[in-house]
Amino acid sequence: MDRRARILEIIRQVSKPGANPEADESLFESGLLDSFALPDLVTALEASFGIKIPDSDLNPRKFDSIERIEGYLENHT
Amino acid sequence: MAFIKQFGAYLPSRIVSNYEMGAKVGCDADWIVNVSGIEQRRFADKETVVDLATRAAQDCLARANVEATELGMILLASSSSERRFPGPAVMVANKLGLHSVPCLDIPMASAGSLFGMVLASKLASVYGKILVIGAEKMSSVILREPMERGVAILFGDGAGACLITPDDGPARIVDSVIESDGAFSEDLRLPFELPLEMNGRTVILQASRKIPRAIESILTKNGRKAKEIEVFLMHQANQNLILRVAQALGVAEEKFYSNIRRYGNTSSASMLIAAAEWWQSVGFKPGLPVCFATFGAGFNWGALLAEGVA
Chain V
0 MDRRARILEI
10 IRQVSKPGAN
20 PEADESLFES
30 GLLDSFALPD
40 LVTALEASFG
50 IKIPDSDLNP
60 RKFDSIERIE
70 GYLENHT
Chain U
0 MAFIKQFGAY
10 LPSRIVSNYE
20 MGAKVGCDAD
30 WIVNVSGIEQ
40 RRFADKETVV
50 DLATRAAQDC
60 LARANVEATE
70 LGMILLASSS
80 SERRFPGPAV
90 MVANKLGLHS
100 VPCLDIPMAS
110 AGSLFGMVLA
120 SKLASVYGKI
130 LVIGAEKMSS
140 VILREPMERG
150 VAILFGDGAG
160 ACLITPDDGP
170 ARIVDSVIES
180 DGAFSEDLRL
190 PFELPLEMNG
200 RTVILQASRK
210 IPRAIESILT
220 KNGRKAKEIE
230 VFLMHQANQN
240 LILRVAQALG
250 VAEEKFYSNI
260 RRYGNTSSAS
270 MLIAAAEWWQ
280 SVGFKPGLPV
290 CFATFGAGFN
300 WGALLAEGVA
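Line order of the protein sequences matches chains V and U.
Okay, so the first sequence: first residue is 0 according to numbering that gives the first Met the number 0, each after it adds one.
Okay, so the second sequence: first residue is 0 according to numbering that gives the first Met the number 0, each after it adds one.
You may find that some hints are simply not true.
[To be verified] Straight-line C-alpha distance at most 25 Å; calculated DSS-like pairs for lysine-lysine:
id	chain 1	residue 1	chain 2	residue 2
1	U	K220	V	K51
2	U	K121	U	K220
3	U	K45	U	K94
4	U	K224	U	K284
5	U	K254	U	K226
6	V	K51	U	K224
[Said to hold, decoys possible] Residues from chain U that keep clear of chain V, each with C-beta distances beyond 12 Å, as calculated:
id	residue
7	M0
8	F2
9	E38
10	R41
11	T68
12	P101
13	L142
14	D180
15	R200
[Claimed, not checked] Computed spacing ranges between beta-carbons, pair by pair:
id	chain 1	residue 1	chain 2	residue 2	range
16	U	G286	V	G30	42 to 52 Å
17	V	R5	U	G127	52 to 62 Å
18	V	P16	U	T219	32 to 42 Å
19	V	D33	U	K254	48 to 58 Å
20	V	S47	U	G149	29 to 39 Å
21	U	R82	V	A4	29 to 39 Å
22	V	A18	U	G282	43 to 53 Å
23	V	G30	U	M146	15 to 25 Å
24	U	H98	V	A46	32 to 42 Å
25	V	A18	U	E252	20 to 30 Å
26	V	R11	U	A61	52 to 62 Å
Keep in mind that the hints were calculated from the coordinates and are not lab data.
Quick caveat: nothing in here was measured; it's all calculated off a predicted structure.
For each residue, glycine too, the CB sits at the ideal point set by N, CA and C.
With these hints in hand, go ahead and build the complete structure from the sequences.
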């Protein structure tokens, strides 16, 4: 499974099973993620990609879309 | 070594329901419950932060059977005091009839009472009995225009107090950790004369990481496991956040004392109000550990471990 597919799978796990957001679609503005699903998303990303995201990177804007998550992971994996 | 001698609290009498609050800010009462777990809060109409703090202090001292004149220091945490200086601590001391006891204000939102307890535990050996107070009149802040719906619904008014002593009490303070990080200081702030500004996503994201980590660090350091803790007395910010912290620690949500449904988020007063209520219904038991934890604007956060003594 490629990186984008894994990200989408995680988004579905923490939001709605059938969610299918566009790569550049805001996960917050679309209502897929709320404040309390965001920590779950970050934790799942860490587990799935074997990384530890430092507190200094815990800025919601970095995880607001599939593209932004991809970009973050490209620089940190 | 330091001990927790007693807690006290005071809540203003006026109850503000979600229906009243919803009508004020333009939202549905049920929505407030869903996003926060809050069903009502208390608002102080004419009472000031000093008034609220004094009532909580008097309640704590009366329950401890300690005279105000026995105090060696007062620490008062508040993020909503009415003026820049002098702060409310010295005004409370004056109302208690104290005119030479050192008073220190901690102008810190939400985490202030825990920081006060930690400082008191370190200073008690020098100053003797130290009264830690958390008092907030958040209604004076959240009702400023333009009102932010998602912020205004969360907060309430109230005060809590805790008496720390160097030599006796039903619980020994075992250890504590406090930390601060200004990197996200703009995400939760209260400028002078302006409404409270909060980036809820950042706050929740940071809090849901930092609170469990602080708790785990202090438990690990002292050879304790989360499941051994009798009760967690945490800042009452949001019921959903309390649930997240419980899940992160692998303990039942019921292990976290919660009164947010009745009082909302009373910032630096909330943890001590919760502790006072828990104390009056359950209280410390010999050998059983209790964990306090807070997180607030700054960000400032921490945890304190106490244990009942025989």
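Hint check:
For the hint linking K220 (chain U) to K51 (chain V), the alpha-carbon distance of about 22 Å falls within 25 Å, and the restraint holds. A hinted pair counts as satisfied when its Cα atoms are at most 25 Å apart, and K121 (chain U) with K220 (chain U) qualifies at roughly 18 Å. Between K45 (chain U) and K94 (chain U) the CA atoms are separated by roughly 17 Å; this keeps the pair inside 25 Å, and the hint holds. Restraint check: the Cα-Cα separation between K224 (chain U) and K284 (chain U) comes to about 17 Å, which is no more than 25 Å; the hinted pair holds.
Using a Cα cut-off of 25 Å, the hinted pair K254 (chain U) and K226 (chain U) holds, with the two alpha carbons roughly 9 Å apart. Of the supplied pair hints, the one linking K51 (chain V) and K224 (chain U) holds, its CA atoms being roughly 23 Å apart against a limit of 25 Å. With a minimum CB-CB distance of about 32 Å to chain V, M0 (chain U) clears the 12 Å threshold, and the non-interface call stands. Separation of F2 (chain U) from chain V is adequate, the least Cβ-Cβ distance of about 33 Å exceeding the 12 Å criterion.
No beta-carbon of chain V comes within 12 Å of the beta-carbon of E38 (chain U); the shortest separation is about 19 Å. Against the 12 Å criterion, R41 (chain U) stays outside the reach of chain V, whose nearest CB is about 25 Å from its own CB. Residue placement check: T68 (chain U) keeps its beta carbon more than 12 Å from all beta carbons of chain V (closest about 45 Å). Look at P101 (chain U): its CB is around 35 Å from the nearest CB on chain V, clear of 12 Å, so calling it non-interface holds up.
Remark: the non-interface label on L142 (chain U) is consistent with the geometry, its nearest Cβ contact in chain V lying 23 Å away (cut-off 12 Å). Residue placement check: D180 (chain U) does not keep its beta carbon more than 12 Å from all beta carbons of chain V (closest about 7 Å). Non-interface call for R200 (chain U) relative to chain V: violated, since the shortest CB-CB distance, roughly 4 Å, does not exceed 12 Å. Taken as a hint, the range 42 to 52 Å holds for the pair G286 (chain U) and G30 (chain V), whose Cβ atoms sit roughly 48 Å apart.
In this structure, R5 (chain V) and G127 (chain U) meet the distance hint of 52 to 62 Å, their C-beta atoms being roughly 59 Å apart. P16 (chain V) and T219 (chain U) have their C-beta atoms about 36 Å apart, which keeps the hinted 32 to 42 Å range intact. The supplied range of 48 to 58 Å is broken by D33 (chain V) and K254 (chain U), whose beta-carbon atoms lie about 25 Å from each other. Against the hinted window of 29 to 39 Å, the Cβ-Cβ separation of S47 (chain V) and G149 (chain U) comes to about 31 Å, which satisfies the hint.
For R82 (chain U) and A4 (chain V), the Cβ-Cβ distance of about 57 Å falls outside the hinted range of 29 to 39 Å, so the restraint is violated. For A18 (chain V) and G282 (chain U), the hinted distance range of 43 to 53 Å is satisfied, since their beta carbons lie about 47 Å from each other. The given range of 15 to 25 Å is respected by G30 (chain V) and M146 (chain U), whose C-beta atoms sit roughly 23 Å from each other. Range check, H98 (chain U) to A46 (chain V): about 59 Å between beta-carbon atoms, so the 32 to 42 Å window is missed.
Checked against the hint of 20 to 30 Å, the C-beta distance between A18 (chain V) and E252 (chain U) comes to roughly 27 Å, which is consistent with it. Against the hinted window of 52 to 62 Å, the Cβ-Cβ separation of R11 (chain V) and A61 (chain U) comes to about 56 Å, which satisfies the hint.
When held up to the earlier numbered hints, the structure conflicts with 14, 15, 19, 21 and 24 and fits the remainder.
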